[in-house]
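Start from chain A and add chain B according to the hints.
Residue-level listing of the chains:
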Amino acid sequence: MLVRALYLSAIWFAISLFATLIMGSRLRRSDSTLSILWLTAVILIGNFIAVFTFGRLLEIFGLSLLAFGFGLYWIIRLNDWNAPGQVTWTMTLITTGLFVIYTFMLTAFTPLNPLSFIFALLFFFLEAITLLLALAHMHESLDVVCRVQWMRLVDKLEPVPGYLPMVSLQVPAYNEPIEVVQKTLNSLSQLNYPNYEVLVVDNNTPLQSTWRPLEEICRQLGPNFHCLHLDQWPGYKSGALNFAVTQTDPNAEIISIIDADYEVDPNFLRELVPAFADPQVAFVQTPQDYSDSTGDIFSESTYRGYKYFFEVSMPSRNERNAIIFAGTMGLIRKSVLEEIGGWDEWCITEDAEASLRILKKGYQSLYINRSFGSGMMPINFEGLKKQRFRWCFGGIQILKKHWEALMPWAHLVDPENQLTLAQRYYYLVGGLGWFSDVFNLLFAFFLVMGALFNLFSSPIKVRPLTDTVLIIPAVFLVLHILRFIWVLRNRLRVSIGMAIATMYNFFSLGWAVTLACIQGLIQREGVFLRTPKSTTASKAWRAIQVTQWETAIGLICALTGFLAFVMDPNWRTFSLGALLYWQGSLYLAAPIYSLLSLSREAALGAPVRVVEQGKPMMEQLAARWVLACSMVLIGAFSLIRFLPSPSGLPAYARFLPIDLSPEQVIGGEPEATTPAGMTATPTIPSTATGIATVKVESANCRAKPRGGAERITILYKNQAVEIVGRNDDVGNPWWYIKVPNSDDHCWLWGMTTTLNGTLEQIPIIR
Amino acid sequence: MQKNLQTEVSQLLEEAGQFAQQGEREKAYRSSLKATSIAPDEPLAWYWRSQTAPSTEEQLMCLSRAYSLDPNYSDTKKELRTAVQTLLRQEPFLAYVYETEEFYQVRSGRDLLINIPKNRTFEIPYLKKSPGHARPAFHWLTLSLLALFLGGVGAVVFSPIAAFHALRLQASAPSRGDRIRLLIVFILAVVIWLAAIPISWLLLIRFYPS
Numbered sequence: 001m002l003v004r005a006l007y008l009s010a011i012w013f014a015i016s017l018f019a020t021l022i023m024g025s026r027l028r029r030s031d032s033t034l035s036i037l038w039l040t041a042v043i044l045i046g047n048f049i050a051v052f053t054f055g056r057l058l059e060i061f062g063l064s065l066l067a068f069g070f071g072l073y074w075i076i077r078l079n080d081w082n083a084p085g086q087v088t089w090t091m092t093l094i095t096t097g098l099f100v101i102y103t104f105m106l107t108a109f110t111p112l113n114p115l116s117f118i119f120a121l122l123f124f125f126l127e128a129i130t131l132l133l134a135l136a137h138m139h140e141s142l143d144v145v146c147r148v149q150w151m152r153l154v155d156k157l158e159p160v161p162g163y164l165p166m167v168s169l170q171v172p173a174y175n176e177p178i179e180v181v182q183k184t185l186n187s188l189s190q191l192n193y194p195n196y197e198v199l200v201v202d203n204n205t206p207l208q209s210t211w212r213p214l215e216e217i218c219r220q221l222g223p224n225f226h227c228l229h230l231d232q233w234p235g236y237k238s239g240a241l242n243f244a245v246t247q248t249d250p251n252a253e254i255i256s257i258i259d260a261d262y263e264v265d266p267n268f269l270r271e272l273v274p275a276f277a278d279p280q281v282a283f284v285q286t287p288q289d290y291s292d293s294t295g296d297i298f299s300e301s302t303y304r305g306y307k308y309f310f311e312v313s314m315p316s317r318n319e320r321n322a323i324i325f326a327g328t329m330g331l332i333r334k335s336v337l338e339e340i341g342g343w344d345e346w347c348i349t350e351d352a353e354a355s356l357r358i359l360k361k362g363y364q365s366l367y368i369n370r371s372f373g374s375g376m377m378p379i380n381f382e383g384l385k386k387q388r389f390r391w392c393f394g395g396i397q398i399l400k401k402h403w404e405a406l407m408p409w410a411h412l413v414d415p416e417n418q419l420t421l422a423q424r425y426y427y428l429v430g431g432l433g434w435f436s437d438v439f440n441l442l443f444a445f446f447l448v449m450g451a452l453f454n455l456f457s458s459p460i461k462v463r464p465l466t467d468t469v470l471i472i473p474a475v476f477l478v479l480h481i482l483r484f485i486w487v488l489r490n491r492l493r494v495s496i497g498m499a500i501a502t503m504y505n506f507f508s509l510g511w512a513v514t515l516a517c518i519q520g521l522i523q524r525e526g527v528f529l530r531t532p533k534s535t536t537a538s539k540a541w542r543a544i545q546v547t548q549w550e551t552a553i554g555l556i557c558a559l560t561g562f563l564a565f566v567m568d569p570n571w572r573t574f575s576l577g578a579l580l581y582w583q584g585s586l587y588l589a590a591p592i593y594s595l596l597s598l599s600r601e602a603a604l605g606a607p608v609r610v611v612e613q614g615k616p617m618m619e620q621l622a623a624r625w626v627l628a629c630s631m632v633l634i635g636a637f638s639l640i641r642f643l644p645s646p647s648g649l650p651a652y653a654r655f656l657p658i659d660l661s662p663e664q665v666i667g668g669e670p671e672a673t674t675p676a677g678m679t680a681t682p683t684i685p686s687t688a689t690g691i692a693t694v695k696v697e698s699a700n701c702r703a704k705p706r707g708g709a710e711r712i713t714i715l716y717k718n719q720a721v722e723i724v725g726r727n728d729d730v731g732n733p734w735w736y737i738k739v740p741n742s743d744d745h746c747w748l749w750g751m752t753t754t755l756n757g758t759l760e761q762i763p764i765i766r
Numbered sequence: 001m002q003k004n005l006q007t008e009v010s011q012l013l014e015e016a017g018q019f020a021q022q023g024e025r026e027k028a029y030r031s032s033l034k035a036t037s038i039a040p041d042e043p044l045a046w047y048w049r050s051q052t053a054p055s056t057e058e059q060l061m062c063l064s065r066a067y068s069l070d071p072n073y074s075d076t077k078k079e080l081r082t083a084v085q086t087l088l089r090q091e092p093f094l095a096y097v098y099e100t101e102e103f104y105q106v107r108s109g110r111d112l113l114i115n116i117p118k119n120r121t122f123e124i125p126y127l128k129k130s131p132g133h134a135r136p137a138f139h140w141l142t143l144s145l146l147a148l149f150l151g152g153v154g155a156v157v158f159s160p161i162a163a164f165h166a167l168r169l170q171a172s173a174p175s176r177g178d179r180i181r182l183l184i185v186f187i188l189a190v191v192i193w194l195a196a197i198p199i200s201w202l203l204l205i206r207f208y209p210s
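First to last, the protein sequences are chains A and B.
All the letters of the first sequence, read from the start, carry residue numbers 1 to 766 under the working numbering.
All the letters of the second sequence, read from the start, carry residue numbers 1 to 210 under the working numbering.
Please keep in mind that the hints were generated in silico from the structure rather than gathered at the bench.
Don't take each hint at face value.
[Unchecked claim] Calculated pairs, DSBU-like style, for lysine-lysine (alpha carbon to alpha carbon, straight line, at most 35 Å): (1) B:128 to A:386; (2) A:361 to A:400; (3) B:3 to B:34; (4) B:128 to A:615; (5) A:400 to B:118; (6) B:118 to A:401.
[To be verified] Taking CB as the label site, the calculated pair distances span: (7) A:570 to B:168: 50 to 60 Å; (8) B:175 to A:729: 57 to 67 Å; (9) A:183 to B:17: 45 to 55 Å; (10) A:132 to B:150: 13 to 23 Å; (11) A:585 to B:191: 35 to 45 Å; (12) A:183 to B:110: 47 to 57 Å; (13) A:58 to B:168: 45 to 55 Å; (14) A:524 to B:57: 34 to 44 Å.
[Said to hold, decoys possible] Which chain B residues stay away from chain A? Per the calculated CB distances, all over 10 Å, these: (15) 4; (16) 18; (17) 19; (18) 30; (19) 57; (20) 73; (21) 85; (22) 168; (23) 184.
Fair warning: this is a prediction, and the values are worked out from it, not measured in the lab.
Each residue gets a CB set at the ideal place from its N, CA and C atoms; glycine is no exception.
Just chain A, with the same shape it has in the complex (with noise of 0.2 Å):
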């Protein structure tokens, strides 16, 4: 029953998405009547073809009244949602709560030795929080296409008459090339407003020629712009911003960050300072924006990248107050910024830290998704790489120091804490968000080794590779690649082509990030990647080895998933072939965007040699590690071996999910009746060495002891056969039967019956 409602689910699930993806965004109303209808529909076209296929219409019939009650429910709860987007959240939350009980179940009771179960157990929790995020990627997709009233949506602010407030513009440098820095300066002295400073801090650059220009600008430009040089500064940039802010003029209500190498709009402070006439507005947030794409499919692909934050994430994290300070193209109120203490010179994100921090005390933060300013993307994939590092790192930092703040029942243990339950959910998923690219790699690890074991025929076993297993895990994937293409193609307006491209240019970084987590895990204070080092002059060569791990780990999974297929076709192994190539191709995204990045160098000019402020963390030296970790979890697989699997079927396999072929769902298989001539409890011989009594509505008898292998017969509910011989392997048992009415055999499987006799009389048959 589970396993045909989790099939409805899937079903429901789809028919809801591929609607959505088609009309999600063009219907700009909200109706309950019509979302009633919508999911009324959904439920039924589901059903229609459940009834035709796998489903019994009682239980077509409860999970459908059920599935109306839960849709109802989101149907009132998110009411600025159109219908299509109203209704795929529900069908997505419930296929994703069968699946993961499905895979409760799988994992409880398969046959298996303890050692197997504790690595079953593993990969059943890294699959339950990996769907749950994938949950809130959802929510959030569907939030801001579906959404269709927008409460705190600000466009244009409304002068306020006569408030003006002092603003401080603060410039951070580091060893940045005075050309681009000047290029900020200018544009900064454009500025259309009366009233404000600017303030240079440039920390640590060693060479006295790179920073002393500097001064010499700032003193061209006017009395307003002031430089700062800090030397031996701790706290890298964050530190240098807070000792910016005692010098200040002390007349200024706000302070704004720019990042030395954007270009800001004459309006920008006109536009926004006006949000601050709101005593409780603490901060104020736009997108960053860049000009100097090249037109090649890294930048723009990186492009999107960027933007897909500003325009879907910060978006949907405004209507709840959530949003993030990003820094640059930002403005924050100073004694609010006083009153947090300044800047975490911990934090390597001190500006999202920050943000955190005032939410806390219970203020308000403001997005207005309009440019103001463009700065410069990254030269290669060697840069955006080590960017993406930083990002990652600084969000597991704030999850450190704040994961407590961030629980349902902060509120309780600190009264001041004043983040609302939308806020703590918003930067709990922000932080636990980045983990997916771990657990994608943990996925490719488990993946290869089940390849490999299936390849040398390897008795050692973590999860059976049930139909089921195979089949929901491939439809979520198609599904929420589809989704996270939509949303792309629908926010930023992109071609098909290029919200692939930008898919893969966020995958691509995956290991990157996978590092940062980890690094952010165990490391205290901040660091930065130190990608390999080249020692040849190609430049195409240099591009291969910034991104020799994924290379490899792409390698692998492909090269596995393909031997898989090859060694024994069928379409269990094309689908597990199919999955790894998948994985695969995420990893093998960075070399070829490594590559690819280089038209982008060549048009932009040799990179500028930044160095890199904090504590290095060599990437060869962590991939050492990272293999070292799996060697030990390939050693700890081989273990299983080792251990004794249970001989016979134990009492609790009953409990294990009945599986249904492709055939079933498709309906290819006729249903599950005992046809004519056929009696239940056939004689058998008194001289059978066993009994096998089927326990499952309908069992496959097959040509050879494996799920894909060609079907013979079908048996039916307690029917008994007669067992003449059996596999060698007891923790995954195959029974070789005699047909009943018939002179031919076949392998049933062991899991679907009840056994009447003694396993060890019975023969093995190789």
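Frame of chain A; chain B shown alone:
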């Protein structure tokens, strides 16, 4: 003795004030200089000396000293900021020396040691925060959660220890927040224990394959 000293310093400062009013800057400076030499811990003396100091460097040094002795005197803060700004216009170099909760001590490009007020709430840096009262209970709770992921048997043992620590520390909890925190640890420990029972049973029965 102390009283005499105070009277003398007051007299000197009064004198310096009068000289300053009369436009006799040098005499005013000498009086305040004497005041700082006999009472080096008197912030007002340093402040007055800064007002009549012949050079920007000395003015900065005096203001800086006055500020470190009395960080709450707003005039000192204000003038210190102006003086630093003037200095930075000439030489924008500042090197870090050390910092306290209240101020930074920096060395200027002209080798002056200056104290610069932070003017912000002090927040204990994350890495210097002392472990919370509930830490032992949290420690065992984390272990039991990990153990739950690894088959549950460890969680059956560790979560009661976490619950025990939560109860034990309740009595000495220094704040209401800590009491609630410990109560939550206790509840979570019970939940983990309840989840660990069936999971560990599923693990243990696998040791008896028959």
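Quick rundown of the hints versus the structure:
1. B:128 to A:386: holds, 28 Å
2. A:361 to A:400: Given pair residue 361 of chain A, residue 400 of chain A holds - Cα atoms ~19 Å apart, limit 35 Å.
3. B:3 to B:34: holds, 17 Å
4. B:128 to A:615: holds, 19 Å
5. A:400 to B:118: Distance of about 27 Å is within 35 Å: holds.
6. B:118 to A:401: The hint holds at about 23 Å.
7. A:570 to B:168: 50 to 60 Å: holds, 59 Å
8. B:175 to A:729: 57 to 67 Å: Because 59 Å falls inside the window, the suggested range holds.
9. A:183 to B:17: 45 to 55 Å: holds, 52 Å
10. A:132 to B:150: 13 to 23 Å: holds, 20 Å
11. A:585 to B:191: 35 to 45 Å: About 40 Å separates the Cβ atoms of residue 585 of chain A and residue 191 of chain B, which means 35 to 45 Å holds.
12. A:183 to B:110: 47 to 57 Å: violated, 32 Å
13. A:58 to B:168: 45 to 55 Å: About 54 Å separates the Cβ atoms of residue 58 of chain A and residue 168 of chain B, which means 45 to 55 Å holds.
14. A:524 to B:57: 34 to 44 Å: At 40 Å between Cβs, range holds.
15. 4: Fine: 39 Å to the nearest Cβ keeps residue 4 of chain B off the interface.
16. 18: Given that every Cβ of chain A is farther than 10 Å from that of residue 18 of chain B, nearest at about 30 Å, it holds.
17. 19: At about 30 Å from chain A, residue 19 of chain B clears the 10 Å cut-off, so the statement holds.
18. 30: Given that every Cβ of chain A is farther than 10 Å from that of residue 30 of chain B, nearest at about 32 Å, it holds.
19. 57: holds, 18 Å
20. 73: holds, 15 Å
21. 85: violated, 7 Å
22. 168: Holds, because the least Cβ-Cβ distance between residue 168 of chain B and chain A comes to about 19 Å, which exceeds 10 Å.
23. 184: It is violated; residue 184 of chain B is separated from chain A by about 5 Å at its closest Cβ, not greater than 10 Å.
Of the hints listed earlier, those the structure fails to meet are numbers 12, 21, 23, in rising order.
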